[in-house]
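Q: Quick note: the working numbering has the sequence shown finishing at residue 1380, numbered continuously throughout.
If you are wondering where the hints come from, they were derived from the structure by calculation, not from laboratory data.
Some clues are possibly wrong.
Ranges of calculated distance between the beta carbons of each label pair, as one might list FRET restraints [to be verified]:
{"#": "1", "residue 1": "D1263", "residue 2": "G1241", "range": "16 to 24 Å"}
{"#": "2", "residue 1": "N1364", "residue 2": "S1279", "range": "46 to 54 Å"}
{"#": "3", "residue 1": "D1298", "residue 2": "I1278", "range": "37 to 45 Å"}
The beta-carbon is built from N, C-alpha and C at its ideal position, and this holds for glycine as well.
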Amino acid sequence: QYELYGDTSKTFYLNSSTGELILLNSLDYETITMYKSTIEARISSTVAPCFSEINIHVLNTNDNPPDINLMFYPSVLFEGNLIKYDLNANSTLLATINLKDLDESTTNLSLSINDTEHFQIQFVRQIKNGLITESIYILSTKNNS
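Let the sequences and hints guide you as you build the complete structure.
A: Laid out in structure tokens, this is it:
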């Protein structure tokens, strides 16, 4: 006969006859990274029971979509589908794209600019308290006249 001890009753179920441990609810790495429990196994009331501690480590998956924030700067004007900016400036910050991802895994990001002669992309990555923030700066690099 088997019995499960620990604060896992809402997440795991231990079949008292077979000792099979069954997952009752989904595991979420961002909520709990490890579960600790003790299993008691006994054959009869006359034989001392055996105890075993178990640690269940939850693996992280990229299950949270990143939060994307695109900010254009005051130097940028919109005319229909076109983005216009200060043609006289040698280097103008046009936009910043900020990405926040609750998952610790690397966010795969692809960004390209067709006009690399006049535009440049700068990537800045910060990790603070497990939160990954990706900032992408789009700059004009030459006079676009």
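Q: A range of 46 to 54 Å was offered for this pair. Does it hold for the Cβ distance of N1364 and S1279?
A: holds (51 Å)
Q: Just to be sure I understand the hint, the distance between the Cβ atoms of D1263 and G1241 should be within 16 to 24 Å; is that true here?
A: holds (18 Å)
Q: Could you say whether the range 37 to 45 Å given as a hint is met by the Cβ separation of D1298 and I1278?
A: Distance hint for D1298, I1278 holds at roughly 42 Å.
In summary, the structure agrees with every hint in the numbered list given earlier.
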